[in-house]
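Got chain A; can you put chain B on it based on the hints?
For the protein sequence lines, the chains are A and B, in the order given. Once you know that position 259 of the first sequence is 259 in my numbering, the rest is easy, because the numbers rise by one and skip nothing. Plus 333 on top of the position in the second sequence (first one is 1) and you've got my numbering.
Derived from the structure by calculation, the hints contain no laboratory data. The beta carbon of each residue, even a glycine, is placed where N, CA and C say it ideally should be. Check before you lean on any hint, since a few could be wrong.
[Said to hold, decoys possible] For lysine-lysine, the following DSSO-like pairs were computed, each having C-alpha atoms within a straight-line distance of at most 30 Å:
1) B/Lys-488 x A/Lys-253
2) B/Lys-470 x A/Lys-244
3) B/Lys-488 x A/Lys-6
4) A/Lys-246 x B/Lys-416
5) B/Lys-645 x A/Lys-244
6) A/Lys-126 x B/Lys-356
7) B/Lys-488 x A/Lys-244
8) B/Lys-465 x A/Lys-244
9) B/Lys-488 x B/Lys-462
10) A/Lys-246 x B/Lys-470
11) A/Lys-246 x B/Lys-488
12) B/Lys-416 x A/Lys-244
13) B/Lys-465 x A/Lys-246
14) B/Lys-462 x A/Lys-246
15) A/Lys-126 x B/Lys-416
16) B/Lys-583 x B/Lys-488
17) A/Lys-244 x A/Lys-6
18) A/Lys-253 x B/Lys-583
19) B/Lys-367 x B/Lys-488
20) B/Lys-367 x B/Lys-409
21) A/Lys-244 x B/Lys-409
[Said to hold, decoys possible] Cβ-to-Cβ under 7 Å is the rule here; a few derived chain B residues that face chain A:
22) Tyr-351
23) Ser-428
24) Tyr-432
25) Phe-434
26) Ser-439
27) Ser-440
28) Val-457
29) His-458
30) Gly-459
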Amino acid sequence: MANLKKFLVRRLLTFIPTLIGVTLIVFVIAYVIPANPAKAWAGGEKASEEAVKQIIAEYHLDQPWYDQYWFLISGLATNSIIDPRTSNPVMGDISERFPVTFQLAIIAFVFILLLGLPLGLVSALKRNTWVDTIVRIFALIGVSTPIFWLGYLLLYIFFVKYRITDLAGVPPSPPTQIFHVPIIDSLLTGHFTIFKQHFARFWLPGFTLGFAGMGVLARFVRNSFLEAISGDYIEFLKAKGVPKLKVYRHALKNALVPIVTVLGLQFGSLLGGTPITETVFSLPGMGSYAIDAIRNLDFPAIIAITFIYAIIFVTTNLIVDILYAVIDPRVRY
Amino acid sequence: MSEPILEVRNLTVHFYTYAGIVKAIEDVSFDVYKGETFALVGETGCGKSVTSRALTQLIESPGRIVRGSVIYHSDKGSVDLLKLNEEEIREIRGSEIAYIFQDPHSSLDPLYTVGYQIAEGMEVHGRVKSIKEGIQKAVDILRSVLIPDPESRVKNYPHELSGGMKQRVVIGTGIANSPKILIADEPTTALDVTVQAQILELIDDLRKKYNATVILITHNLGVVAETADRVAVMYAGKIAEIGSVEQIFKNPLHPYTKGLLKAVPNPMTKVERLDAIPGTVPNLITPPGGCRFHPRCPFAMEICKKKVPELKEIEDGHFVACHLY
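The following block holds chain A by itself, in its conformation from the complex (with noise of 0.2 Å):
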């Protein structure tokens, strides 16, 4: 356990240079875009002379490239900085909408779960029949199928046609907060009509948002678990009378490796398809946030939202870093 702690102080470390890595490409991409944010932020064509100028003094746009990186950064730091487009603190901003997100990102997440490894189980423990054919095909489809076209369909579906979803704000949080995430603080306090209010206005956006990781971890699952149960550990299982069952479960274990890996990846991507989900079912999350950032030249909110997301990746990545040890006694940090 002494490894264990070295280690996180070692990957905590790491995670600096990749922040900066990070929001410094952002920043220099925004940097060299042929663009006037001050006049954009001070109201477009109509804006006066010293409201440009204020704004060019105040976020020191006048002053050199790492000057101005540097201002970004440890004004989001203390959460000093102003979002010219919405007069708030920009981090306080962000913090509103992260939970949006946040909570899509993990429901999003537990369809992949839920449905994906079974489905690869399934097409695993059917191989090379019409049951395996079928999930073949769903995987397919769904890593082709575009969020917008589908998220869509689907709104056709639940809601003009049939109403089982509503598309209106986002309901109430519940009184407690634990991890400022409603879904799972109502759960975890009680409040079950909050948990299915949640629950109605995020399962389709999450189940749009999860699709195409479905069928990539159902894919995954298959091959991995495919690959465990050809192993010659299995075959001597079997050998010593253990029943199907408990084979299953080491080749499950033995398949792990790859799953959580995918599984890692996939949170990531996830985050990246919400500015899609968000839009089409008009969820206040950072995805949207983040689109209307881009659109009006708000370059606080993007070197903001990038840096949320970036950590968002490298926590992910240690995590999984750290189950691998936990599955597999052979890695040692």
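Quick look at chain B alone, frame taken from chain A:
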């Protein structure tokens, strides 16, 4: 002679692959007697392993046991192992008939401790009530397969042990339920030469200790000469010759057996030079008609191409499948 414990008759296994039907073994018949060490010898791909696994229906798709019977005479009476359903044969595997596989590096699940894996083998047959109790018993088993410091070794994972140690664990798993028959499928092939003798000695000691029968599968004639009581020589999925070690080594009848013995240094007689058997192992999708050895046989006659030779008893307990006799 003592009584048979296994009577294998016309055992035939085919593999249905895209390239065609691989006739891995055809009409294999032999007896194994109680308490002996019975060796199955042959080249790679001649069907030794398939034969040993087919005994307890351990044949995976695309393979299938086409016909045959394996009569097992246990204390509770005689059964045809090939007629048992999945659950009945599972109860026999590992408890009455146990296996030791070739490669100890891949026979053990890398994610579980060796203690757990030995305990699991006992737990699934109801020999212990829980894995925990099984792990305690596993300490004694590890001690009996001569693993030093078994108390701490039970907590080791397979990757923390050497090849010889792992094979001892595999053997320990095999004998955990004191089986009547121990099928050792090339138990020393993947090991260092220095460890091979120790492992063979261990298997033989355990056979005596538990009064078990050992079926030893090997391509190593030296191992056969040293440990086996009786030998069956296999070629291209068929039995060529069966006899006691003495009969096979001193008076080989089948041209293939003769060729094999000329190809290895024989410790019993002085050999000037080693001869190779001309030609290669036949393709088992379209095996040669008649005797499968005839394209490589120096004594091949017309009849060898047409008629499959039956096993004939030439002297007491010495059978050969060859038209020369």
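Hint by hint, here is what the structure shows:
1. For the suggested pair B/Lys-488 and A/Lys-253, the alpha carbons sit about 19 Å apart, so the restraint of at most 30 Å is met.
2. A threshold of 30 Å between alpha carbons decides the hint, and for B/Lys-470 with A/Lys-244 the separation of about 24 Å falls inside it, so the pair holds.
3. With a C-alpha separation of about 25 Å, the suggested pair B/Lys-488 and A/Lys-6 falls inside the 30 Å cut-off, and the hint holds.
4. This hinted pair checks out: A/Lys-246 and B/Lys-416 have alpha carbons roughly 24 Å apart, not beyond 30 Å.
5. Between B/Lys-645 and A/Lys-244, the direct Cα distance comes to roughly 42 Å. Violation of the 30 Å bound is thereby established for this hinted pair.
6. Restraint check: the Cα-Cα separation between A/Lys-126 and B/Lys-356 comes to about 26 Å, which is no more than 30 Å; the hinted pair holds.
7. Between the alpha carbons of B/Lys-488 and A/Lys-244 the distance comes to roughly 25 Å, so the proposed pair stays at or under 30 Å and holds.
8. At roughly 21 Å between alpha-carbon atoms, B/Lys-465 and A/Lys-244 fall within 30 Å of each other, so this suggested pair holds.
9. Among the hinted pairs, B/Lys-488 with B/Lys-462 is consistent with the structure: their alpha-carbon atoms are about 19 Å apart, no more than 30 Å.
10. This hinted pair checks out: A/Lys-246 and B/Lys-470 have alpha carbons roughly 21 Å apart, not beyond 30 Å.
11. Pair hint A/Lys-246 plus B/Lys-488 holds up; C-alpha atoms about 21 Å apart against a cutoff of 30 Å.
12. Pair hint B/Lys-416 plus A/Lys-244 holds up; C-alpha atoms about 19 Å apart against a cutoff of 30 Å.
13. For the hint linking B/Lys-465 to A/Lys-246, the alpha-carbon distance of about 17 Å falls within 30 Å, and the restraint holds.
14. In summary, the hint linking B/Lys-462 to A/Lys-246 is supported, as the alpha carbons are separated by about 16 Å, within the 30 Å threshold.
15. Taken as a hint, the A/Lys-126 and B/Lys-416 pair is honoured in the structure, with Cα atoms around 25 Å apart against an allowance of 30 Å.
16. Straight-line distance between C-alpha atoms of B/Lys-583 and B/Lys-488 comes to about 48 Å, which puts the hinted pair past the 30 Å bound.
17. The straight-line distance between the Cα atoms of A/Lys-244 and A/Lys-6 is roughly 41 Å, outside the 30 Å bound, and the hint therefore fails.
18. Between A/Lys-253 and B/Lys-583 the alpha-carbon distance is near 52 Å, which puts this suggested pair outside the 30 Å criterion.
19. Straight-line distance between C-alpha atoms of B/Lys-367 and B/Lys-488 comes to about 36 Å, which puts the hinted pair past the 30 Å bound.
20. Distance restraint check for B/Lys-367 and B/Lys-409: the Cα-Cα separation of roughly 15 Å lies within the 30 Å cut-off, and the hinted pair is therefore satisfied.
21. Taking the CA atoms of A/Lys-244 and B/Lys-409, the gap is near 26 Å; set against the 30 Å cutoff, the hint holds.
22. Restraint check, B/Tyr-351 versus chain A: the minimum CB separation of about 12 Å is more than 7 Å; hint violated.
23. Nearest Cβ of chain A to the Cβ of B/Ser-428: about 6 Å, under the 7 Å cut. The hint holds.
24. For B/Tyr-432, the suggested interface contact is upheld, since its CB lies about 4 Å from the closest CB of chain A, less than 7 Å.
25. Here the hint on B/Phe-434 is kept, as its CB sits about 5 Å from the closest CB of chain A, short of 7 Å.
26. The criterion of a C-beta within 7 Å of any C-beta in chain A is met by B/Ser-439, whose closest approach is roughly 4 Å, and the hint holds.
27. Nearest Cβ of chain A to the Cβ of B/Ser-440: about 4 Å, under the 7 Å cut. The hint holds.
28. Because the closest C-beta pair between B/Val-457 and chain A is about 5 Å apart, less than 7 Å, the hint holds.
29. The restraint placing B/His-458 at the interface with chain A holds, with a minimum CB-CB distance near 6 Å, inside the 7 Å limit.
30. The beta carbon of B/Gly-459 comes no nearer than 11 Å to any beta carbon in chain A, farther than 7 Å, and the hint placing it at the interface is violated.
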